[in-house]
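Asks: The lines below spell out each chain.
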Amino acid sequence: MKMTTWIRSGLLTVLGCAVGLGSAEARVKMVALPERAATVIRLDNPSATLIEEERVLTLQKGVNQVDFSWNGVSIDPDSIRLKVLNHPDQVTLLNVSYPPNEAALVWEISSAEPVEERVRISYLLANIDRLITYRFLANKPETQVDFKSYLVLRNFSGEDFGTSRVQLDYGEAFEQAIGHEETKQLLFLDAGKVPITKVWEFDANQLPWDPEKVEGNVGIPVSYQIENKEASGLGKNALWGGKVRVFQDDGHGSTIVLGEDSAALVPVGEKMKVNIGDSRDIKVVQRKMKEERINLRKNVNDQVVLYDTDEIIKTTLENFKDSPAVLTVIEYIPGQWDMVECNLKYEKKNSEKIEFQVALNPKEKKELMMHYQRRNLR
Amino acid sequence: MRRKIGSPISMIRRGCCLVLLLILPVQAKMDLVTLPKRDGVQVTIYNSADLTLVRETRELTLQKGINRLQFSWANTLIDPTSLEMLPKAHADKLAIEDLTYPPRTQNLGIWTIKSQVSGKVPVEITYLTSGLDWRAFYMGTLSGDEKTMRLEGYVRVGNRSGEDYEDAQVRLIVGQVHLLDQIAELAQRQYPYGAPAGFGFRAKGDSDVRERKDEMNKVEEAEVSAVSGYMMLTDAAAAPKEIIKEGLSEYFLYTIEGKETIPNEWAKRLPSLGPFDVPVVNLYKYEEEQYGAGVVRFLSFTNDEAHKLGQTPIPDGMLRVFRTADEVGHLSYEGQSEFKYIPVNEKVELNLGGVENVVVTPTLMNFKTENFTFDSDRNVSGWDEVKTFKIEVKNTRPVAVKVEIQRNIPGVKWDLNPDGDCGLYEKVDLDTVKFTLELPPRSQKEFKYTVREYQGKRAE
Amino acid sequence: MKKLLLTFWVMSFLVPVSGWAKMDLVTLPKRDGVQVTIYNSADLTLVRETRELTLQKGINRLQFSWANTLIDPTSLEMLPKAQADKLVIEDLTYPPRTQNLGVWTIKSQVSGKVPVEITYLTSGLDWRAFYMGTLSGDEKTMKLEGYVRVGNRSGEDYEDAQVRLIVGKVHMLDQIAELAQRQYPYGRPDVYPTSAAAPMVMDEMKEMRAPRAAMKMAMASYGGSAPKAIIKEGLSEYFLYTIEGQETVANGWAKRLPSLGPYAVPVVNLYKYEQERYGKSVVRFLSFKNDEAHKLGQTPIPGGMLRVCRTVNEAGYLSYEGQSDFKYIPVNEKVELNLGTVQNVVVEPTLMDYKIENHTFDNNRNVSGWDEVRTFKMEVKNTRPVAVTVEIQRNFPGQKWDLKSEGDCGKYEKVDFDTVKYTLELPPRSVKEFTYTLRTYQGKRVEAAKSN
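So the protein sequences, as listed, match chains A, B and C.
Here the first sequence stands for residues 314 to 691, numbered as in my numbering.
Here the second sequence stands for residues 21 to 480, numbered as in my numbering.
Here the third sequence stands for residues 6 to 457, numbered as in my numbering.
Source of the hints: derived by calculation from the structure; they are not laboratory data.
It should be emphasised that the depicted structure is a prediction, and the values quoted were computed from it without experimental measurement.
Yeah, the Cβ is synthetic: ideal placement off N, Cα and C, and Gly gets one too.
It is possible that some hints are incorrect.
Unchecked claim - Simulated crosslink set (DSS-like; lysine-lysine; CA at most 25 angstroms straight-line): (1) C:Lys285 / A:Lys679; (2) A:Lys584 / A:Lys453; (3) A:Lys611 / B:Lys388; (4) A:Lys658 / A:Lys679; (5) A:Lys396 / B:Lys328; (6) C:Lys300 / A:Lys596; (7) A:Lys506 / C:Lys294; (8) A:Lys526 / C:Lys118; (9) A:Lys549 / B:Lys167; (10) B:Lys465 / B:Lys407; (11) A:Lys603 / C:Lys419; (12) A:Lys601 / C:Lys112; (13) C:Lys339 / A:Lys676; (14) A:Lys453 / C:Lys237; (15) C:Lys145 / C:Lys300; (16) A:Lys627 / C:Lys416; (17) C:Lys339 / A:Lys526; (18) A:Lys526 / C:Lys416; (19) A:Lys586 / B:Lys328; (20) A:Lys511 / A:Lys658; (21) A:Lys526 / C:Lys294; (22) C:Lys237 / C:Lys91; (23) B:Lys410 / A:Lys584; (24) A:Lys601 / C:Lys416; (25) A:Lys601 / C:Lys419; (26) C:Lys91 / C:Lys118; (27) A:Lys679 / C:Lys419; (28) C:Lys294 / C:Lys148; (29) A:Lys658 / B:Lys167; (30) A:Lys666 / A:Lys603; (31) B:Lys410 / A:Lys661; (32) A:Lys662 / B:Lys410.
Claimed, not checked - Listed next, the stretches of chain C that the computed footprint assigns to chain A, with coverage defined by at least 3 CB atoms under 8 angstroms from CB atoms of chain A: (33) 175-187; (34) 334-340.
Required output: the full structure, derived from the provided sequences and hints.
Replies: This is the structure we're talking about:
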């Protein structure tokens, strides 16, 4: 970005000539190019990046014209703001003009005295942003992870930024230089050891009821849950969404990859859920053992107008692993229903979704029986 | 500059292209007198249509008897049928007999003026042109607590009319005018009023217009690089210009203080409103049918005195909202909202888009049908559907927010019983209810409601 | 390791960023060790290499380039293995107008040699398991041998590498191969990475690979006299196979290693009949359990193709019996290996009797309900010289029914509300026969039927 100050008082005649009516010369720009200083790259809004930069203008008494141009850079011109920092009572922005066919504007600034004035220019700049990635290293028993989060700065704005202050939506600003077409990866959050909960989840609407009848392996999705709270060493701020890669210490001074997932924004107090892969050592087979119409209500033509159903579902849960697992089983019963009998405890998540937490010991096999009646079907 | 593609564009020339020649006194013996420059010019720019009313004052030197005044407008975008001349003195001693568009000429009109006096006479010439435009836009800066927003309005005036307007009084009209024709189209007719149907050269004339347009486009392209920059030499005002606002008929007129020079192809940004420190409400809305599953953030205020506004309507435009991020006034960008014209005393809600930091989760916790009724054939004739919803509302922001939850209830007849901390409950219309909750920083609330919908005979 | 270049730039503390051009270049010694962990559920390999850096006090810059490889640049990570508290890795920069190049900025409080570990993900290496089974003459035991085949098309030679294999399904969002070919490692804002250049890179790589592969005469291998052992252990939901010692897997080559057995596994010759699933023919299965009773049960068995032969005489000549592509077998899981349809075991159902009865009528004396009664004769024939187990499943979908069996029907079981199963044991060269009578309820009769 270029910047030129035109001092109108004293140069009036010169400019008058240069600009004379009917002249077809290019716009005359003159005088000092103030150096950019104290640049802030503010990356707190995922939809737009705000740049603030300070420059010192040498202003004459009277009306000064300051030229600001941004060739090859995508700036939203309406978003450009100029703030006078040292003498707001003496220095006033009068108006802004946009010359034809140029990525530029001209500020008319009035000054009561000749003065060196520091101004701050703010604008929204396109094609510069940040990504967040996470790298978790789980310990061998899978009770905690080394929690690291990286910031990736991507600058494709057309502008080279020398050392600038980079500000995210929380935390201290830090100094960083980033050139055009440059990408930089920085460690920005090292939360140390963060406890995790490992979760296995069978969702009766997502997974096949009988894995035997499916070609290929059927696994039970496994995820890690991390609570964004102080007790976990987190909880100070929301965790941004981004790609998470999970590794595990293999106990031999090396690691393996457990998997990767895309995390959504996690506000304070919420849980981050990272799907790492499938478990093939937990098997769920579900069968419907009964489905019958009962409690028939008929019209005068002996047609059934209203009935209930009596249904039994049998689910076999088997842990082939050497370690225990708590399996979350999600079942759906549509419409209105009453549970007649169920051998395991469940929690109703909504009108048609219930959830079981089934603790399975190593090599244990359990059976879940649900006997329910659906009401008032027509 | 919001120019529609394909509209006729700027013609190039420098200085005045509107040329006035005075022809004295009778046709045969014509003395050409070059006129002094126009003494003053006023442009009144509309934004609802590509329309600008230009009013210029010139001083004519007339002779007793018939005077002919020639006016040409080559390479501009003016509507020749809109030309009008009014004497500003000796009005009773001057008669404007006619305005003729001579044959086989273009962009040329001749006024016939019958004068009973000799000497200088000031006249006002008005016409409509296209190619100038203006739009409003705004910047809002929220205070740290987000309770007030410093509102600053700007207008951006652009000139692509082919004409430089120097030292012009600039006035802007806010409002919707009804126009039959595109001024830009009128400006390019071969004959100002067209030709009667069946006129032999009509077709040719049309194609002429087309060719001419093409030519103009070419000229414009070719000249882009040559368009000379223009310094704006304005009065050495020490303060930004004020804009005087007044209502006229259904419109609002903004008059920019003093004189502006807007050279052809330039645009200019001028402050038009404020800064005002407007008290605002951080309003978050949830309505599945309208916004989907996310919460949408609004900034709400009223264009009235209580909100440091209410002097004039606020023209439509884009508002960019920033927030003061630290003590030294660094800013953070919050979002933007394009809003409609805001009349005085009107409440506005500026939509800043979907957010993730305020969350509303409705869950249907229970569903049952009961109270079946049967008709004489023992067919089902009516029943009740009873649904219990749990609504969880979470504010993860460090500031207090207000959350509005609208729920649409299908069905003709229903009863609703809220249960728990549901804030203000309100029935909006036949099938909509609204819950309004205030949430302190970083807090959550939960409430339930049970709705019984009466179906069939039960609705009676 | 010819394409992964690590060059090392040392600069004093005060040299500005723009002064890279004047930096000293230090060529590093070769990598000291490399370990590859290859996945088979995704085209993914974790590479870990150790190198010794010579650092200076202050800011050091380390350049890493990966042209013509298939590595994911966003996965690059460096960890000091000593003096970790005195070293800070400040950032990893992908400089503008370069490709396949990253620069680490390392701030060091010490001078001298520091071992570091560099890890990254690559694509192009793969492995798969396959098996050979040899049935004994009586078909009561099968000698099971497992192998793994490791292939390398990554564009990189891995010499003297420790090779590890992961059994299990990892959840991946992106294809590593795709990440490896992006113009910018993390893409650019609002613009998706261009793929136009990708095919060219691929072609180039193939060209480069061919001669390289041809030049390699053999894989340098470790000079042991016994086949290498594979150490197996469970990690999270996966199984890790570590191949003993070091292997060289050159680009373009593949290698086969024994991974399992041989074990003499007791098996059951199981024949299944289920018209809805297999049609009219009987399908042969070999059934066993991955447990100690079957000489297995130490580790899960990765999915793969099993080719089954049978010993036909004392001299150990073999006959090919069939093949089966099986899924992952957890420890203690029962497995049934599908060897395809056979003709030498036959199941023939015949409808012997059909009648309609128990009509009901509505108010208008129209028919409103009835029962349909069918009697089936089931004939089961084993023409083989060995004993077999036959499983017969019958489905009655969407109906209300009662069933009565008669004769030698073996074990009867209701599988679910519309399926029943008969399990019969047949001696060599024998025939069995039984009948069942199925009553299905139609129309109004459904309401009258008792729960079954």
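Asks: If a hint holds in the structure, say so; if it doesn't, say that too.
Replies: Right, here's what the structure says about each hint:
1. In summary, the hint linking Lys285 of chain C to Lys679 of chain A is not supported, as the alpha carbons are separated by about 35 angstroms, beyond the 25 angstroms threshold.
2. Pair hint Lys584 of chain A plus Lys453 of chain A holds up; C-alpha atoms about 22 angstroms apart against a cutoff of 25 angstroms.
3. Taken as a hint, the Lys611 of chain A and Lys388 of chain B pair is honoured in the structure, with Cα atoms around 20 angstroms apart against an allowance of 25 angstroms.
4. About 13 angstroms separates the Cα atoms of Lys658 of chain A and Lys679 of chain A, which keeps this hinted pair within 25 angstroms; it holds.
5. This hinted pair checks out: Lys396 of chain A and Lys328 of chain B have alpha carbons roughly 23 angstroms apart, not beyond 25 angstroms.
6. Distance check on the hinted pair: Lys300 of chain C and Lys596 of chain A sit about 22 angstroms apart at the alpha-carbon level, within 25 angstroms; holds.
7. For the proposed pair Lys506 of chain A and Lys294 of chain C, the alpha carbon gap of about 40 angstroms is over 25 angstroms, so the pair is violated.
8. Using a Cα cut-off of 25 angstroms, the hinted pair Lys526 of chain A and Lys118 of chain C is violated, with the two alpha carbons roughly 58 angstroms apart.
9. Taken as a hint, the Lys549 of chain A and Lys167 of chain B pair is honoured in the structure, with Cα atoms around 24 angstroms apart against an allowance of 25 angstroms.
10. Proposed proximity of Lys465 of chain B and Lys407 of chain B is supported: the alpha carbons are some 20 angstroms apart, at most 25 angstroms.
11. Note on Lys603 of chain A and Lys419 of chain C: the hinted pairing holds, with a Cα-Cα distance of about 11 angstroms set against a maximum of 25 angstroms.
12. Distance check on the hinted pair: Lys601 of chain A and Lys112 of chain C sit about 64 angstroms apart at the alpha-carbon level, beyond 25 angstroms; violated.
13. Restraint check for Lys339 of chain C and Lys676 of chain A: the C-alpha separation of about 13 angstroms stays at or below 25 angstroms, so the hint holds.
14. Between the alpha carbons of Lys453 of chain A and Lys237 of chain C the distance comes to roughly 15 angstroms, so the proposed pair stays at or under 25 angstroms and holds.
15. For the suggested pair Lys145 of chain C and Lys300 of chain C, the alpha carbons sit about 13 angstroms apart, so the restraint of at most 25 angstroms is met.
16. As the CA atoms of Lys627 of chain A and Lys416 of chain C are separated by approximately 21 angstroms, the hinted pair is consistent with the 25 angstroms bound.
17. Straight-line distance between C-alpha atoms of Lys339 of chain C and Lys526 of chain A comes to about 15 angstroms, which keeps the hinted pair within the 25 angstroms bound.
18. Restraint check: the Cα-Cα separation between Lys526 of chain A and Lys416 of chain C comes to about 22 angstroms, which is no more than 25 angstroms; the hinted pair holds.
19. For the hint pairing Lys586 of chain A with Lys328 of chain B, the CA-to-CA distance comes to about 47 angstroms; that exceeds 25 angstroms, so the pair is violated.
20. Distance check on the hinted pair: Lys511 of chain A and Lys658 of chain A sit about 20 angstroms apart at the alpha-carbon level, within 25 angstroms; holds.
21. A threshold of 25 angstroms between alpha carbons decides the hint, and for Lys526 of chain A with Lys294 of chain C the separation of about 18 angstroms falls inside it, so the pair holds.
22. Proximity of Lys237 of chain C to Lys91 of chain C is assessed by CA-CA distance (about 37 angstroms); at most 25 angstroms being required, the pair is judged violated.
23. For the proposed pair Lys410 of chain B and Lys584 of chain A, the alpha carbon gap of about 20 angstroms is at most 25 angstroms, so the pair holds.
24. With a CA separation close to 21 angstroms, the supplied pair Lys601 of chain A and Lys416 of chain C stays within the 25 angstroms bound.
25. With a CA separation close to 11 angstroms, the supplied pair Lys601 of chain A and Lys419 of chain C stays within the 25 angstroms bound.
26. In summary, the hint linking Lys91 of chain C to Lys118 of chain C is supported, as the alpha carbons are separated by about 13 angstroms, within the 25 angstroms threshold.
27. This hinted pair checks out: Lys679 of chain A and Lys419 of chain C have alpha carbons roughly 19 angstroms apart, not beyond 25 angstroms.
28. Taking the CA atoms of Lys294 of chain C and Lys148 of chain C, the gap is about 14 angstroms. The hint holds against a cut of 25 angstroms.
29. A threshold of 25 angstroms between alpha carbons decides the hint, and for Lys658 of chain A with Lys167 of chain B the separation of about 48 angstroms lies outside it, so the pair is violated.
30. Among the hinted pairs, Lys666 of chain A with Lys603 of chain A is consistent with the structure: their alpha-carbon atoms are about 20 angstroms apart, no more than 25 angstroms.
31. As the CA atoms of Lys410 of chain B and Lys661 of chain A are separated by approximately 12 angstroms, the hinted pair is consistent with the 25 angstroms bound.
32. Simply put, Lys662 of chain A and Lys410 of chain B have alpha-carbon atoms about 10 angstroms apart, close enough for the 25 angstroms limit, and the pair holds.
33. Only residues whose C-beta sits within less than 8 angstroms of a C-beta in chain A count toward coverage, and the region 175-187 of chain C has 5 of them, enough to reach three; the restraint holds.
34. With 4 residues bearing a CB less than 8 angstroms from a CB of chain A, the region 334-340 of chain C meets the requirement of three and the coverage assertion stands.
Violated hints, listed in ascending order, are 1, 7, 8, 12, 19, 22 and 29; each of the other numbered hints is respected by the structure.
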